[in-house]
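Trainee: Chains A and B, in that order, give the protein sequences.
Residues in the first sequence are numbered from 27 upward in steps of one, following the working numbering.
Residues in the second sequence are numbered from 12 upward in steps of one, following the working numbering.
Simulated from the structure, these hints should not be mistaken for laboratory data.
The structure presented is a predicted model; accordingly, all values stated were derived computationally and were not measured.
Take the hints with a grain of salt, since some may be wrong.
[As the list claims (entries may be wrong)] So, partial list: chain B residues that the calculated Cβ filter (under 8 angstroms) puts toward chain A:
| id | residue |
| --- | --- |
| 1 | 26 |
| 2 | 56 |
| 3 | 64 |
| 4 | 65 |
| 5 | 89 |
| 6 | 92 |
| 7 | 93 |
| 8 | 94 |
| 9 | 95 |
| 10 | 107 |
| 11 | 200 |
[Unchecked claim] Per the computed footprint, the stretches of chain A lying under chain B, defined by three or more beta-carbons under 8 angstroms from a beta-carbon of chain B, are:
| id | stretch |
| --- | --- |
| 12 | 33 to 47 |
| 13 | 56 to 69 |
Think of the CB as a built atom: it goes at the ideal place given N, C-alpha and C, for glycine as much as any other residue.
The primary structure of each chain is shown beneath.
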Amino acid sequence: MLLYPASIWDLVSFGMAAIFNLNNPAHTVHWHFISLSVANVIVIVLMFAVFAAAILIPFPGHRSTPASVTPSSTSPGGD
Amino acid sequence: MSTTARPPGEPTKSWTVRVRERAVEALPPDKLLPDGQPTYVASWIYVFGVLSLAALAVLIGSGVILSLKGPAWWHFTGIGHFFNSIHMWAVELFFFFMVIHLWGKYWMAAWRGGRARVWMTGAVTFLIAIPCALTGYVSQQNFDAQWIATQAKDAMNAAGIGAFFNLTNFGQMYSYHVLLLPLAVVGLVVAHVLLVRKHGVVPPFEPHQDATLVAVAATGGAGPDAPETTGPPA
Chain A
27 MLLYPASIWD
37 LVSFGMAAIF
47 NLNNPAHTVH
57 WHFISLSVAN
67 VIVIVLMFAV
77 FAAAILIPFP
87 GHRSTPASVT
97 PSSTSPGGD
Chain B
12 MSTTARPPGE
22 PTKSWTVRVR
32 ERAVEALPPD
42 KLLPDGQPTY
52 VASWIYVFGV
62 LSLAALAVLI
72 GSGVILSLKG
82 PAWWHFTGIG
92 HFFNSIHMWA
102 VELFFFFMVI
112 HLWGKYWMAA
122 WRGGRARVWM
132 TGAVTFLIAI
142 PCALTGYVSQ
152 QNFDAQWIAT
162 QAKDAMNAAG
172 IGAFFNLTNF
182 GQMYSYHVLL
192 LPLAVVGLVV
202 AHVLLVRKHG
212 VVPPFEPHQD
222 ATLVAVAATG
232 GAGPDAPETT
242 GPPA
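Pulled out of the complex, with its shape left as it was, chain A reads as follows (with noise of 0.2 angstroms):
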């Protein structure tokens, strides 16, 4: 029962509420004197993922022979 009136907020909290049950003590990873949530290992493991995927991923428009736009403002490289 709602104790306050609803608005479609409510009903997104509810939603996600019913996918994630939130009324229990946060999960957590041992491993000798580290102690992790499991929220902040997901989110650890996902930085790592996107930090590979920056890397390994080309980018868009991106020639493998050197354009013609380098600014004079710019240091050259390995300096």
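On the provided structure of chain A, position chain B as indicated by the hints.
Mentor: Leaving out everything else, chain B in the frame of chain A:
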């Protein structure tokens, strides 16, 4: 009002003129607002700096709205919940993008080429953003905030800074969260971006540098440029 023409290079007593000339000398307009980037910037790993800036902009904008409306609004209205969530998810994305930006810049040694100040302003921004976010947790005005404040105060007291940084003092924590720490973060980010404009985006390693690094690793630290040593290895 008329101005007096001054020969170039002649010293002036006007501090505004001196500041302007030094600013233009350090950051000419074509460096401050460039219309192109080097070809090596065409990589996804170079995107995370500006993604962090975008998240920071959403963070500041949603934070301003939350501070204008107050806790009753963000706890008990639908639109308040929405902006509260926007603020929280902007924080999540800000740190998410900033950490990947940090990893990328660390592994390409972004302090090369006189860019030490670029690296340092970025690193200090990251360090200041952490208490900025943590003071947000204790500024929520709910039981979650009270629990975090009463737990975290012990850490502050154990570190000897509880008298200056009192987690149970809501006014102090709120001031830190909405003014002092955001001011420091935004100021450092502005300095960071201006320094990037001045020094240019750090380039990737040159192939010959890669070869040098491989040689250094293969020789156990003594690269091809290292002086030759005589006698048996230790």
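Trainee: Decide, hint by hint, whether the structure agrees.
Mentor: Checked hints:
1. 26: Where the cut-off is 8 angstroms and the nearest Cβ of chain A is about 27 angstroms from residue 26(B), the hint is violated.
2. 56: This interface hint holds because 5 angstroms falls under the 8 angstroms limit.
3. 64: 16 angstroms, violated
4. 65: 15 angstroms, violated
5. 89: Holds, about 4 angstroms.
6. 92: 5 angstroms, holds
7. 93: With a closest approach of 6 angstroms, the residue 93(B) hint holds.
8. 94: 11 angstroms, violated
9. 95: 10 angstroms, violated
10. 107: 6 angstroms, holds
11. 200: This hint is violated: residue 200(B) lies away from chain A, its Cβ roughly 20 angstroms from the closest one there, beyond 8 angstroms.
12. 33 to 47: As far as the stretch 33 to 47 of chain A goes, the hint holds, because 5 residues have Cβ atoms under 8 angstroms from chain B.
13. 56 to 69: violated (count 1)
Figure legend: structure checked against the earlier numbered hints; hints not met, in rising order: 1, 3, 4, 8, 9, 11 and 13.
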